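Residue numbers (my numbering), protein chains in the order written: chain A, 1 to 363; chain B, 1001 to 1363; chain C, 2001 to 2363; chain D, 3001 to 3363.
Just so you know, the hints here were simulated from the structure itself, not pulled from any lab data.
Take the hints with a grain of salt, since some may be wrong.
From the structure, some residues in chain C lie toward chain A, with a derived Cβ separation under 10 Å [claimed, not checked]: (1) Arg2008; (2) Gly2028; (3) Gly2231; (4) Leu2363.
It should be emphasised that the depicted structure is a prediction, and the values quoted were computed from it without experimental measurement.
We put the CB at the ideal spot given by N, CA and C, even for glycine.
There are 4 protein chains.
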Amino acid sequence: MSSSWGERVKISIFGGSHTQAIGVNVDGLPAGEAIDEQAVLAQMARRAPGQDPTATTRKEADTPRVLCGLLEGVTTGAPLCAVIENTSQRSKDYENLRRLPRPGHADYTAYLRYQGHNDIRGGGHFSGRLTAPLVYAGAVCRQILERRGITVGSHVAAIAGEADTGFDPVNVSPELLGRLNQEYFPVIDPKAQEKMRAKIEEARMDCDSVGGIVECAVVGLPGGAGNPMFGGAENLFASILFGIPAVKGVDFGAGFAAACLRGSQNNDPFYYDESGNVKTRTNYAGGILGGITTGMPLIFQAAFKPTPSIAQEQDTINLPAQENGKLKVTGRHDPCIVPRAAPVVEAAACIAALELLAQSGLL
Amino acid sequence: MSSSWGERVKISIFGGSHTQAIGVNVDGLPAGEAIDEQAVLAQMARRAPGQDPTATTRKEADTPRVLCGLLEGVTTGAPLCAVIENTSQRSKDYENLRRLPRPGHADYTAYLRYQGHNDIRGGGHFSGRLTAPLVYAGAVCRQILERRGITVGSHVAAIAGEADTGFDPVNVSPELLGRLNQEYFPVIDPKAQEKMRAKIEEARMDCDSVGGIVECAVVGLPGGAGNPMFGGAENLFASILFGIPAVKGVDFGAGFAAACLRGSQNNDPFYYDESGNVKTRTNYAGGILGGITTGMPLIFQAAFKPTPSIAQEQDTINLPAQENGKLKVTGRHDPCIVPRAAPVVEAAACIAALELLAQSGLL
Amino acid sequence: MSSSWGERVKISIFGGSHTQAIGVNVDGLPAGEAIDEQAVLAQMARRAPGQDPTATTRKEADTPRVLCGLLEGVTTGAPLCAVIENTSQRSKDYENLRRLPRPGHADYTAYLRYQGHNDIRGGGHFSGRLTAPLVYAGAVCRQILERRGITVGSHVAAIAGEADTGFDPVNVSPELLGRLNQEYFPVIDPKAQEKMRAKIEEARMDCDSVGGIVECAVVGLPGGAGNPMFGGAENLFASILFGIPAVKGVDFGAGFAAACLRGSQNNDPFYYDESGNVKTRTNYAGGILGGITTGMPLIFQAAFKPTPSIAQEQDTINLPAQENGKLKVTGRHDPCIVPRAAPVVEAAACIAALELLAQSGLL
Amino acid sequence: MSSSWGERVKISIFGGSHTQAIGVNVDGLPAGEAIDEQAVLAQMARRAPGQDPTATTRKEADTPRVLCGLLEGVTTGAPLCAVIENTSQRSKDYENLRRLPRPGHADYTAYLRYQGHNDIRGGGHFSGRLTAPLVYAGAVCRQILERRGITVGSHVAAIAGEADTGFDPVNVSPELLGRLNQEYFPVIDPKAQEKMRAKIEEARMDCDSVGGIVECAVVGLPGGAGNPMFGGAENLFASILFGIPAVKGVDFGAGFAAACLRGSQNNDPFYYDESGNVKTRTNYAGGILGGITTGMPLIFQAAFKPTPSIAQEQDTINLPAQENGKLKVTGRHDPCIVPRAAPVVEAAACIAALELLAQSGLL
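Excised from the complex, chain A in its bound form (with noise of 0.2 Å):
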């Protein structure tokens, strides 16, 4: 399989870089939701690359167009399908790479799995661009979870070493998260933001590119959502974020960090709050225990590895004459993508969160 996921709410993403079109079909969405086209248009207008100078140029309308699944704007409960047309080509700057992979790019990879047959132009399937269609379900899913008071948001954690202000893991507030998830480039800190660019321009002046983290939380989830051992929150949540490309690293709660806690520290100690909800002191455990949701807030980290396209010149292997090579990678490629990677991890914790609650009986 490539590109399906879910049990009860499943996505399929289907297209590459430069195929026709791209799109998801999203089987087992709930009845009678009300999507608001706007809002999910400003979901995808925050992944879209070409509107800041930390970005790639390409330009994209990444208008989608949807095909079936709403009728007057409303989930039918059939397959709700999003198709989005590619427009801005340019197949020529790609041409080499299936001679010479690119390091750090799936173009190897993608030619052992399928025998050469792969679709190497922009990555083909393995494109960043397919984090499109996955923003659009995230972004319809986002609206089914806000209608039941469940927040979603994330703010660039760190770029290149440099650390945004975590959440305060037992008081993140449906506000911050409202105004981080509309922001291109979310930071709880703007100062924060101001050394990042700082630190991305800087790659950029060296034909280079950084990584970063991506914080984010989920509030308003009902505690008792999931289950033990294979079945947890965290296999969910993990199972979708890593098929986000570039992302090499996931941790909840205090994640690794906590290997350097005591339990005395790290154990979170319950409380009855004054309108006698079960609460923790601490939220070292991100909101799950035993794979199950506590009711405080789900949070983790995604660590995303530095953009592989880069315009230095770089070893690899010349496939065809099976010897080495060398490789310079031309066309637009950002020096760093994790603002807009900030959108994508929040629209695969709104699909992992559906899912989690259907699951769980408890959509």
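Starting from the known structure of chain A, arrange chains B, C and D on it as the hints suggest.
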């Protein structure tokens, strides 16, 4: 669902800490594979408690009884089910946990998920004891992999901040893995182990616990295994690894560290080695590009939170009284589960690697 | 895969005719359901051999041991695993089957599928004995359904051409089903049973066997359960029913007979009954339209081929000699399995109905 | 879920009778397979309405647009998505169906399932029109099968009780299938077609409709494909066949007729043919034993109910008024869909056969 995983090699784990027995059913193993029982037991012994001062003193015989699936020690192709009797149970140790859920444990979330009907004794189905059948299944898969030239091993990369030397990612030898995957407390640098043991002992004296990191490598995997997007090798490995209790983070190759690198560092240059095989000069990718294996060592890390069961008094809620309360966990608990987790991580990696090959038509 | 089924209520069946034990793991049962062990055993007794002249004389104690998943007789929500020891095994009866595969059996196809490594003894994993754990799982699901007002029962609709009276499809009473689902050889018209028994006895005297049809009804299902296309109720029921050995056909409502009807006959007119409930005046649809339940009785038939194990000498191949050969099957075999199949069909229907409700958010 | 099927070759069908477009995404096709577009269109033409007096006069261009997955006519291994625009829509024909659900249709059950939000126009996602993308996907799979020596064909075995000659089950020639799978109204005996046409015409004159049976064969499948129990070939084929609207029964080989046979008749004796291949002298098993292929022709039947849309006035309910009512269905409808269903059955068989091979590691 709770405890089923896999499409081609399906495992179903059952049982709880204090049920009559626990076990695993493995459906989809290739037929005709001789399984060396002693090698399986050796893996189970690495996970078994009671053998080292860092671990709980609870003793388990943990001898699995194979109900079916082997004929004269050879897989028949039909489901292989192995059962381990539960004999050493002190159920009274856990009587107060239904009232006072342990911070950092699944007691409270399981209460929500199962409306209080869950088996609280020893953590029930959420117990770390459920990793015994996982190790069983992994040990079977390991032998099938080894017959195909694939070796899996791991080491304790860190405990409470004390780090072992990491794998050389381009040069992980099967011999090193073969040594590590027989040890109880596997480390590459023996001096690191001493420091780790000191940290564990310190925590024990403080009635506390510590977390850590396991780094695992799979060598010998062919290139071209895996799929784009959600069907990638990372997604597959993460979806089983997060099923190990206490895992809160997973990353591949440079992982979270890649977020601080530049593309020119993180891109692994391809080259033909003297035998004409395609390799990469570095391996920041951890052997996976675009979800598909490169043929270089597949390397990942799993972060473990500190054991939540500590002997210190902790704040929690009193569920029947609906008021805040205090809990002192008694019973036998590990101050650090990380050394015992190494064979569990390897087991999960073995199962995931076999599934990956099966899905890719490479088995 | 071989023996796993279901998405929300997953069953995994393991074991073979002559392995140490057989059993079933059920993952995804709702928590808090009291399970009456005697009622479970009553269902298993209906399937057990050795109790009637129409069946094999092989005796099985068939008392399942519940390893986990029940706490004081109530489901915990964790996987429920039940194991049945194999005690009455005459392995030598089957020694020549590896050489001379039985016509109509899976001996030859299993040999191909598992390259000769399959367990041939008693048919191995293909044995009808594997329906014992299926009946166990079904009996558990049945009690959960009954608590929700849903009753499942069946009758032997035909054996060797001798037909029982069929269900009145618009008026299947839970009382009738409640009688049938306790009987060993359930029929609506007792006179039909006599004729069927005569046919079976005739076949036995001829060292031959006969097939038949089981008709099953599920009453009390809410309308609106199911999905269009591949997620339909028919697809779901068929996908488990064809897992019962010897089933070669499944149809719903008028089924194959509908192929001879006109639309004006086969269309079931809707009406409001005196209580304001929507019903249909006829029920040629068998309670399913467009894959979704109407709320009328769900009725289907399963066709069983005659038992392939017959005492007559038969032509077959000699695999090691690679030449044609002759086989005389010895051992104890049923001249007709259809009466014993009725509880198996009901069990499959119970599991499918529970899965259908779970998938539809109606559990 | 509604419209996703398959594990290794996953199809997702989307759209409704009157949505902007319908289509199918196929994920998991092998790479490097040349797809002849004309051959695909020829299959779609067999299903298309408006070409024969037995069918509806609605015309559809039904030219699929391939959005992705093919590069210069060859599969890339990435998802293949094809879209068919909906152009000939008379939405007003269906306006009263939301009030007055058609007997025998999914109007009422979809209303329950989707709380009235379903798209009622033309049956929405439940429309027979959704079989167009199924035929598309099947036609692609068919070419991949044919390249491996596997041929699929079917004939109209019966309409309204008028039967065609059946396949000779041990001797179904690829040539016969190759003729049948190009015809609009495929029959083995041309005289049977005349009688069937007469029955259809009779029904049309009576403003009524008739049902029928399609018999389908797959020849060239290797032996050893499939699995025991729920993973059997029968389960797999049935699970997709019941997704074709109006299918109410499926059987394999002798199927329901086997219920009247004796074991000595129904058992297919194995023998070595002159080339040393294992065959069976008869083929009552329909090429499947224990869920696994024997290598003999795989033969099955699918029973179709009569088209529910008839022009006669019918009793139904008036949902908004909550009282009984009368309905006269207008619009264009087939008096018999069985001839047009033959290519749909073949398409499903092609998809199932490819999935079966992929699951069995035989692709």
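Now for the hints, and whether the structure bears them out:
1. Arg2008: holds (8 Å)
2. Gly2028: Nearest chain A Cβ about 9 Å off; hint holds.
3. Gly2231: With Cβ-Cβ at 9 Å, under 10 Å, it holds.
4. Leu2363: holds (7 Å)
Against the hints set out earlier in the document, no violation occurs for any number.
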